[in-house]
Amino acid sequence: MHISIQTPLSLETANSLRAGDTVLLSGEIYTARDAAHARLVELIHRGEPLPFPIQDAVLYYVGPTPAKPGQIIGSAGPTTSARMDVYTPYLIAQGLRGMLGKGRRSPAVVEAMKTHGAVYFGAIGGAAALLSKCIVKSEIVCYEDLGAEAIRRLTVRDFPATVVIDTQGNNLFELGVQAYLDSVK
Amino acid sequence: MKEIAASLVTETIRDMCIQANVILPEDVAASISVCHAQEPWPTAKETLEELLENMEIARQEDLPLCQDTGAASVFLELGQDVHITGGNLYEAIHEGVRQGYDAGYLRKSIVADPLRRKNTGDNTPAMIHVDIVSGENLTITLAPKGAGSENMSRLGLLTPSAGRGGVVDFVLETVRLAGPNPCPPIVVGIGIGGNFDLVATLAKKALLRPLDQPNSDPYYQELEAELLEQINALGIGPQGFGGRSTALEVNIETYPTHIAALPVAVNINCHVARRMTVTL
Ligand code: SF4
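First to last, the sequence lines map onto chains V and A.
All residue numbers for the first sequence refer to this note's numbering, where the first residue is 1 and numbers rise by one.
All residue numbers for the second sequence refer to this note's numbering, where the first residue is 186 and numbers rise by one.
In silico DSS-like pairs for lysine-lysine, Cα to Cα no more than 27 Å straight-line:
1) Lys-137(V) with Lys-68(V)
2) Lys-68(V) with Lys-303(A)
3) Lys-230(A) with Lys-185(V)
Simulated from the structure, these hints should not be mistaken for laboratory data.
From just these sequences and the hints, can you work out the full model?
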């Protein structure tokens, strides 16, 4: 029932996913929130290299709680993706293949996803303790000065997510709500 | 007259910050369980199950329920016969937040200036409201609240002709606009009346009322029930993936208002509706 997916995420795999599919992600993913996005897009505008390989990468919108001694990472659930919308099309144009967050995306992001073949996954907002159990390794890549907003490379194992918007632009926020409403008519 | 040491306020707030971010109030946990039991849509039921599981893991392993451990909203009911000794009351609260967010390994999510945005590094200052009441008790309510749901809240200055129907429409429009963003199932706190500034505080205070305690006025109790039913007919569902459980509860607080005014505020909270109250 759950589709197991390995990162980096190939275009072929991305194209095979449909809104509503539930997946288990394994492999390396990168974290970035608002402040990190602003810096990444500034690098793109200046024509400078990004601090991690963006081709086929999956970005997780998260700012975890601090890890206690002996912990890999603190609680780590998704933040609202819409705050990243102004930056996201630039990253997708560079090869970003997947995004993991919660909440809606703008029409400009969906257009870029359709043009370049990218997938938007939803993780369960507020299930941060549960989701942290799927993170087996965490290291800071850069922007340590941003604290919780630093870019981290996470190794995840069977991280549960749902395909919210697929590479064709199908959107679970519309399809799922409609399907439920039809079922109770 | 009762003396309460500022240091006791600090200690109390510190412990509350740590506990409130890990364990939900019983009424909230019970409400999520009820939603789970009543949810007819399979994917929604699965999501609610994962929320219950998250609560269990947080409690067992002493982990914050959500990574957004919020701004520390602090509401005081300060008895007029209380004398705070050994320090400034506001400072004592900020110090409690500082210590709690450090000792509890909670996320520091406050920037010192809204436009220049440098993190204060210790989650201070707290957002403090004080009501002076009779007696010699100090009742402290701490409600850590994330920005995901706060950002979806709205305030409308309706006029009297809009009436009850206008309020219902405004609330439903707010929930629809919020959609999946505030991590549904949500709790909807509504303020009606007062003025521009008071109505927002009413909405936040509505979120402090336990979910199993309806408004004491039958008129508003009925409005709460009607709104809950209409919100759960929108189909948004947990995480916005469709389903019945869009809201856990609707709480309304009201206040007299001007003959020409009908202010309404909707403060949305997520299912991680953290809240803790201690009386000193
Ligand atoms: S809205 Fe609530 S559950 Fe969602 S991320 Fe924010 S604090 Fe956590």
